[in-house]
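Q: Chain by chain, the residues:
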Amino acid sequence: MTELPDEAKRMIGVEKTKTYQVTKKDIRRYAQAIGDLNPLYFDEAYAAGTRYGKIVAPPLFCHSFAFDDVPAEELREDGLPIELDVPLPVTRAIGGGSVFDVGSPISPGDEIKVTKKIVDIYSKTGKSGLLYFIVIDTLYENQNNEMVAREKATYIQR
Amino acid sequence: MITWEEIEKDMPIPSVTKQPSAMQLFMFSAVTWNRHLIHYSKDFAKHDGLDDVAVHRALLGSFLGQLLTGWLGEDGEVKRIEWSVRGSAFPGDEVVCKGRVKDKEEENNEKMVECEVWIEKNGKVIVPGTAKVKIFN
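Line by line, the protein sequences are chains H and U.
The first sequence begins at 728 in this note's numbering and counts up by one.
The second sequence begins at 200 in this note's numbering and counts up by one.
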């Protein structure tokens with residue numbers, strides 16, 4: 728295990744929160760982007776006849792506001808999401824994985840509080856050399872303080 | 200219609216084939232406000248050692264989501280998806296999402312099914328994963 732730069736270590740455990748209001752448009756565009764045209768995601772009349780009684784979002788919809796919407800000027804030249812801009816002696820982002828828990832359904836008008844922090848940064852030597860792992864935990868809660876989603880994502884850089 | 204009684208171990212989940220286009224990658228970058236060049240600049244992707252712009256980790260996860268929601272319809276809900284990206288997918292690649300039932304058990308009076316899910320490209324698993332779904336009836 729290679730020692731982490733101090734500036735990287737200091738980023739572990741720093742929590743950031745924001746609140747995001749979900750619109751019909753957000754859900755519709757997310758559904759189109761993933762290629763899922765289930766009318767439950769955009770057709771109010773259809774959704775009214777389902778167990779939900781209203782439009783709901785696809786399971787991983789919280790990805791649509793997972794990354795902080797900072798101005799482009801604050802991003803690195805390669806546009807890497809700011810959460811992953813950790814001062815490590817590597818530049819390439821590769822693969823990664825996720826554990827994504829889905830809670831209460833999300834509908835237009837919901838106010839989602841997003842609480843995000845880096846929970847770990849560590850290194851490993853793989854076949855292709857030194858790899859760094861950044862683990863980010865993100866909790867999503869609605870206006871009734873119900874968990875709507877929680878993701879523990881691991882990003883790999885080399 | 201999927202019911203609790205008919206779900207059994209090793210039951211296959213009907214597979215779903217996706218062929219993401221460069222336009223879909225652009226739409227997903229836009230909708231997630233992911234400005235990373237690796238998903239829309241072929242020059243940058245090549246400079247970074249890839250053959251082409253890469254399909255997003257989160258978009259691959261959503262393909263597994265669609266495998267599950269397509270199977271469940273309105274008879275159940277996705278509660279958890281775990282996946283890891285072991286190989287890259289590029290625009291035009293045909294990726295096949297597959298799965299099977301691993302186990303079922305009642306948890307706090309809820310009917311939960313554990314599944315193994317994965318994505319194949321050219322017959323090779325590029326994204327292994329697991330999932331947990333809830334069945335309503």
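Just so you know, the hints here were simulated from the structure itself, not pulled from any lab data.
All values derive from a computational prediction rather than experimental measurement.
Incorrect hints may have been included.
[What the hints assert, rightly or not] Derived DSSO-like pairs: lysine-lysine, alpha-carbon spacing no greater than 27 angstroms straight-line:
{"hint": "1", "chain 1": "H", "residue 1": "844", "chain 2": "H", "residue 2": "745"}
{"hint": "2", "chain 1": "U", "residue 1": "278", "chain 2": "H", "residue 2": "751"}
{"hint": "3", "chain 1": "U", "residue 1": "320", "chain 2": "H", "residue 2": "854"}
{"hint": "4", "chain 1": "U", "residue 1": "320", "chain 2": "H", "residue 2": "781"}
{"hint": "5", "chain 1": "H", "residue 1": "752", "chain 2": "U", "residue 2": "320"}
{"hint": "6", "chain 1": "H", "residue 1": "781", "chain 2": "U", "residue 2": "301"}
{"hint": "7", "chain 1": "U", "residue 1": "208", "chain 2": "U", "residue 2": "241"}
{"hint": "8", "chain 1": "H", "residue 1": "879", "chain 2": "H", "residue 2": "851"}
{"hint": "9", "chain 1": "H", "residue 1": "854", "chain 2": "H", "residue 2": "743"}
{"hint": "10", "chain 1": "H", "residue 1": "840", "chain 2": "H", "residue 2": "752"}
Q: Now, for every hint given, state plainly whether the structure supports it.
A: Results for each hint:
| no. | hint | verdict |
| --- | --- | --- |
| 1 | H:844 with H:745 | holds, 12 angstroms |
| 2 | U:278 with H:751 | holds, 22 angstroms |
| 3 | U:320 with H:854 | holds, 22 angstroms |
| 4 | U:320 with H:781 | violated, 36 angstroms |
| 5 | H:752 with U:320 | violated, 32 angstroms |
| 6 | H:781 with U:301 | violated, 32 angstroms |
| 7 | U:208 with U:241 | violated, 43 angstroms |
| 8 | H:879 with H:851 | holds, 19 angstroms |
| 9 | H:854 with H:743 | violated, 34 angstroms |
| 10 | H:840 with H:752 | holds, 19 angstroms |
Going down the numbered hints, you'll see the structure goes against 4, 5, 6, 7, 9, while the others check out.
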